[in-house]
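Protein chains: 2
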Amino acid sequence: MIRDLRICFVGDSFVAGAGDETALGWVGRVTAAAWDRGVALTAYNLGVRRDTSADLRRRMEAEVLARLLRAGDAQAVVLSFGVNDCTHEDEMPRVPPEVTEENAAALLGWAATRWPVLMVGPPPVLDDAAHDARVAALSARLEALCAAMHLPYLPVHAPLAGSGAWRNAVGRGDGVHPDGAGYAALAGLVEGWPPWRRLTTA
Amino acid sequence: MIRDLRICFVGDSFVAGAGDETALGWVGRVTAAAWDRGVALTAYNLGVRRDTSADLRRRMEAEVLARLLRAGDAQAVVLSFGVNDCTHEDEMPRVPPEVTEENAAALLGWAATRWPVLMVGPPPVLDDAAHDARVAALSARLEALCAAMHLPYLPVHAPLAGSGAWRNAVGRGDGVHPDGAGYAALAGLVEGWPPWRRLTTA
Chain P
1 MIRDLRICFV GDSFVAGAGD ETALGWVGRV TAAAWDRGVA LTAYNLGVRR
51 DTSADLRRRM EAEVLARLLR AGDAQAVVLS FGVNDCTHED EMPRVPPEVT
101 EENAAALLGW AATRWPVLMV GPPPVLDDAA HDARVAALSA RLEALCAAMH
151 LPYLPVHAPL AGSGAWRNAV GRGDGVHPDG AGYAALAGLV EGWPPWRRLT
201 TA
Chain A
1 MIRDLRICFV GDSFVAGAGD ETALGWVGRV TAAAWDRGVA LTAYNLGVRR
51 DTSADLRRRM EAEVLARLLR AGDAQAVVLS FGVNDCTHED EMPRVPPEVT
101 EENAAALLGW AATRWPVLMV GPPPVLDDAA HDARVAALSA RLEALCAAMH
151 LPYLPVHAPL AGSGAWRNAV GRGDGVHPDG AGYAALAGLV EGWPPWRRLT
201 TA
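One line per chain: the protein sequences are P and A, in this order.
Under UniProt numbering, the first sequence has 168 at position 168, and the numbering climbs by one with no breaks.
Under UniProt numbering, the second sequence has 66 at position 66, and the numbering climbs by one with no breaks.
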């Protein structure tokens, strides 16, 4: 039976698929794979370049409600952010990790009272080792938060940092975002994640 | 020279690519084609199922500003809506044509003071001849409005109504939305439209 499933993907440039010459990003790839499994999935991509968790708090509620209220047979929200929070401006992170955690708790908590919620962790940043170390630490922090909130969290930092496909794809891209082959590697991690598969099984 | 072009596509389920098993829709296809021409295009898909022009007035400004303010080298907005306005509920259109025109003037006018704006007309509705006749009439009305506002308008109703690819694709879909092959036919019309090509040429 094909369900009318609608999912909002809320996050940053990696959610938006910035740099992907195929225009699919990881969100488009996992959506097409769900169709291949017989699930009629409408994916609303709410990734915005440069967005931090603070930016998401300003827009997520209105944007998600405009898409999921009274919609379809089944809905869900997938969140993914963190790299931009860890960017230094004037030697300070755009959002300090304790505030990111507070923002994440608010975003996840709001969504989880209404819909199934999954979180995908931030990917590695290859052009700045200090930035990347902050992202790795934030990913662990977000993973602990999701565990405490009993929400599924997919850590992608370590597997992508060790992935030749991701590293080569970022090299062909702008140094931060991969090309389509890198998004395919990230989509593969999501595709192999049991909570995602349970959500998107016909 | 590859530009960092960011475009918001604002509209309904046809903009969202509902029913496309490839997850590209026409927006994804014309985005990938722009990359093929050397244009680094970030497409923000703001299509929402069931949205009328009245719904768009409630959300367009906030959603577009969150994506285009201080973003990239170049930005633009593409609008496309109308089919849902013409849907009858209790024997009345969800939005009467004179109100759709008023909404369209407001939406186009707000965007056009800030960015280049293009409008793509509504596609045909194959499962309801009376609904489809209202859409055809609204498309002509929106075309006249855009002409008066000196904004490019692409009528797609007649070419898609006469397109075997579109009709067959809708037959394989849910009776209103096509599958991927239909979105490819619509993307082909946009790809061949000089105002779109001028906007997305490296």
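Some clues are possibly wrong.
[To be verified] Residues from chain A shown here face chain P by an in silico Cβ test under 8 Å; the list is partial: (1) 18; (2) 22; (3) 23; (4) 24; (5) 28; (6) 31; (7) 32; (8) 43; (9) 49; (10) 57; (11) 61; (12) 66; (13) 112; (14) 113; (15) 150.
Source of the hints: derived by calculation from the structure; they are not laboratory data.
If you're wondering where the values come from, they're calculated on a predicted model, not measured in any experiment.
Just so you know, even glycine gets a beta-carbon here, dropped at the ideal spot from N, CA and C.
Tested hints:
Evaluation of the residue 18 of chain A hint against chain P yields a held restraint, the C-beta minimum of about 6 Å falling below 8 Å. The restraint placing residue 22 of chain A at the interface with chain P holds, with a minimum CB-CB distance near 6 Å, inside the 8 Å limit. Evaluation of the residue 23 of chain A hint against chain P yields a held restraint, the C-beta minimum of about 4 Å falling below 8 Å. Taking 8 Å as the C-beta cut-off, the interface hint given for residue 24 of chain A holds, the closest approach to chain P being about 6 Å.
Because the beta carbon of residue 28 of chain A sits about 4 Å from the nearest beta carbon in chain P, less than 8 Å, this interface hint is met. Contact between residue 31 of chain A and chain P, as hinted, is supported at the beta carbon level, the nearest pair being about 4 Å apart and thus within 8 Å. About 4 Å separates the beta-carbon of residue 32 of chain A from the nearest beta-carbon of chain P, less than 8 Å, and the hint is met. A distance limit of 8 Å between C-beta atoms decides the matter here; for residue 43 of chain A the minimum to chain P is near 7 Å, and the interface restraint holds.
About 6 Å separates the beta-carbon of residue 49 of chain A from the nearest beta-carbon of chain P, less than 8 Å, and the hint is met. Interface restraint check for residue 57 of chain A: the shortest CB-CB distance to chain P comes to about 12 Å, outside 8 Å, so the restraint is violated. Taken as an interface hint, residue 61 of chain A does not check out: its beta carbon lies about 11 Å from the nearest beta carbon of chain P, beyond 8 Å. At its closest, the beta carbon of residue 66 of chain A sits 5 Å from a beta carbon of chain P; the interface hint therefore holds under the 8 Å criterion.
For the restraint placing residue 112 of chain A at the interface with chain P, the shortest Cβ-Cβ distance is roughly 22 Å, beyond the 8 Å limit, so the hint is violated. Proximity of residue 113 of chain A to chain P is violated relative to the hint, the smallest CB-CB distance being about 22 Å (cut-off 8 Å). Taking 8 Å as the C-beta contact cut-off toward chain P, the hint placing residue 150 of chain A at the interface is violated, the least distance being around 30 Å.
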